[in-house]
Amino acid sequence: MEAGEAKSKKPRGPRLCCICNQRRPVLKRPKTLQQICRECFYEVFEEEIHQVIVKNRLFKSGERVAIGASGGKDSTVLAYVLSELNRRHNYGLDLFLLSIDEGITGYRDDSLETVKRNEVQYGLPLQIVSYKDLYGWTMDEIVKMIGLKNNCTFCGVFRRQALDRGAALLKVDKLVTGHNADDIAETVLLNILRGDIARLSRCTSITTGEDGPIPRCKPFKYTYEKEIVMYAYFKKLDYFSTECIYSPNAYRGFAREFIKDLERLRPRAILDIIKSGEDFRIATTTKMPEQGTCERCGYISSQKWCKACVLLEGLNRGLPKMGIGRPRGNLNGDHKKVTKAGATAKSIESKQCGSLDF
Amino acid sequence: MACNSSGCESGCYDREKENGNNVDGGVNQESVCVKCKCNEPMTFGDGGSDDGRFCTDCFRNNVFGKFRLAVTSHAMITPSDNVLVAFSGGSSSRVALQFVHELQIKALKNYEASRDRSLPVFGVGVAFVDETAAFPTLSKEMIDAIEWIRSTVSSLSPPAKDLHVVPIESVFGSDSLEARDKLVKLLDSVADDTGKEDLLQHLKMLSLQKVASENGYNRLVVGSCTSRIASHVLTATVKGRGYSLSADIQHVDARWKVPIVLPLRDCVRQEITRLCVLDGLKTVELACRSQCGINDLVSSFVAVLQEENPSRECTIVRTAAKLTPFYFNKIPETDDSNVPLATQRRLKRFNLKYDGSMTTEAFCPICNGPLNRSDSSDLDTFEDCHESDVLYAACCSSCRFQILPQDGSSLEQFSSFLPDNMISQVKHQKVDSQAYLREKIKDCLLLDNEDEVV
Ligand SMILES: [Zn+2]
Ligand SMILES: [Zn+2]
Ligand SMILES: [Zn+2]
Ligand SMILES: [Zn+2]
Ligand SMILES: [Zn+2]
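One line per chain: the protein sequences are A and B, in this order.
So that you can map any letter, position 92 of the first sequence is 92 in this note's numbering, and since no number is skipped, the others follow by simple counting.
So that you can map any letter, position 386 of the second sequence is 386 in this note's numbering, and since no number is skipped, the others follow by simple counting.
Hints listed in this document are in silico derivations from the structure and should not be mistaken for laboratory results.
Certain hints may be false.
[To be verified] Here are the simulated BS3-like cross-link-like pairs (lysine-lysine), alpha carbons at most 25 Å apart as the crow flies: (1) 260(A) / 196(B); (2) 31(A) / 196(B); (3) 236(A) / 28(A).
[Stated by the list, open to error] Some, not all, of what chain A presents toward chain B, calculated at C-beta under 8 Å: (4) 192; (5) 261; (6) 276; (7) 282.
Cβ coordinates follow ideal geometry from the N, Cα and C atoms, glycine included.
Construct all of the structure, not just a fragment, from the sequences and the given hints.
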């Protein structure tokens, strides 16, 4: 049997936690299938993250660190654990929560409320940066301007930059996000499936953008999603549960499901995929694609202007179609016609993908 | 959050692109081959994107063309070679055998037509690995399969080809009973299903290598097609074998005594299957594979992906092909047929090990995968320990997890069942790593060899 070693050769009788050998086990640790008690789970969970932080030298004392907070489980657990570890191990970090308000009526409200409660619960200051602050437009205003048809382009581009821009606005030293091991394993697979060798070489780095203005890091790189859920569950952490509805992209869904199947068969597979991603022999020339900065806003961009600036220029000049789909041929138009009937449903779905955890 | 990294935008894009791809599939309604524009196109009705586009000849030429291009551009087979085709009875290796055979016939014709007859015709042999010892329940099927393979090989037109039926236990020694026993015990001591399956694959390769080198072959042709390799890319990734992956998927793999070549690397399974139908090539599939392990899960994942986009397998292999290959992923240049085989091998090994720019590579004794130095660093801590500790330290992290028994005494037993081939590599490796360490500090050493000091 796969990963069945834990089960074999166990003497009968009252089982005890296989770490402390004192308390009754209440859970099977997803990563190792060890049966352990709650206290030991907290301990190994937190200690592993601490070790990752120390080994990879993620932080320096005195740094101002923004936690990308969406109110979802990953960022909520991250905020909780980081503030805990910061206190316990004297990291000396100036931590705060950073949330983005896209300005979509009725949509962010619940998750923002959650983040506001977290602010009080964990004693972490909260900064909310709105699309209006960052781009001069709320998402509602954009939709009003361009109609529901093309907002997908905007939400994708704007969302990807929002956290970085927000962090820059608040002059932070580092940005941390709640990407977990499952996410990274999935990204490794997707980059293989779509042949993106440059992204494949970068996607397992625990810190990215070190050459840019604000480095981003992922303390949950080796933390299993299931364990994050388990931690939130046992600690009764207050989070806004949004199940991610995937963008209309068949194989992303397949990849996620595949990883879950793998995990069931062999829990270690998630870590192994990440290890493969780290070990792939990729020539250093591939690793560093030519990347400049936007002449307008200074954000990393391979073109003269970054995608957001092109879109904003169009919006501000009253030509909202500018920049949509241009670099990728004119396929966009055809596609929209095909899906016309489902346009409303689709635009909701595309907003939905903005509800994901950072 | 996953969407965050690449966004829905790229998803839409991909979908559009794929929609675009499919457009031209349905357009072609005139019944004339798109290539030669004269013959009637073939329809296979297998749902393939290019179904009904090519005539029989053009389709066949296209597939054979890919094979021949692979052979010539990587110097896989040259006139003086003696080539062993690994034949499992499946469609890929059947096509590989067919194509190698056709190549040989062409070479023979050229030879007979040439005045001076200076270029010899390469030799071809066929090997089948008999896995009965590992799957006793299949013994009857195996006997039938071997019978069928015999008749298939002998029915090929001359030049005649030797058929070598190799029992998988042959790598454990010449006493077949004892060897069989060792094999069974070895497999039984592996707890993980996938690990067992993979170990069997490694033993199979060892058997092929053994029969190839004992019978004077200098190339081993393996029929792995794109689809098979795509699955391998993902299984290797999932097993944490990212470092060694690029060694496995190249056209040439000369880390073995007898270099392995993959001439069908650029043909997809659908083409292979079609070709078998067209040419009436019969195949036999033995139900040796497990249905519940990682390998099987990956195969069904790839099948789903392939259904969603018919070019997915190619993309996967193309991604992996962008990884940096190893120095042994080419036919060694010292390979000259005028030199006796044994010397050749020695030279080859010499050439491989000390060949210029590339680093000395250590290999896992079980799977023969090149080891990532960062994984094998703890090799030094095992100086004078048990053989099993040394074995553990010498293995790649993937074999440690899925093949080696976890507790000490079982590991000790396990290593006593291993074929000598693998064990000798463990010892070899220890020496290698000594040499590696020595290399690092040699500017501070006063003697050429410390062992000489008494
Ligand atoms: Zn405990
Ligand atoms: Zn810009
Ligand atoms: Zn969207
Ligand atoms: Zn034709
Ligand atoms: Zn190995």
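We went through each hint and held it up to the structure:
1. 260(A) / 196(B): The hint holds at about 23 Å.
2. 31(A) / 196(B): Holds, because 22 Å separates the two Cα atoms, which is no more than 25 Å.
3. 236(A) / 28(A): Distance ~18 Å between residue 236(A) and residue 28(A) Cα, so the pair holds.
4. 192: The hint holds - residue 192(A) has a Cβ within 8 Å of chain B, the shortest such distance being about 5 Å.
5. 261: Check passed: Cβ of residue 261(A) comes within 6 Å of chain B, closer than 8 Å.
6. 276: This hint holds: residue 276(A) lies near chain B, its Cβ roughly 3 Å from the closest one there, short of 8 Å.
7. 282: 6 Å, holds
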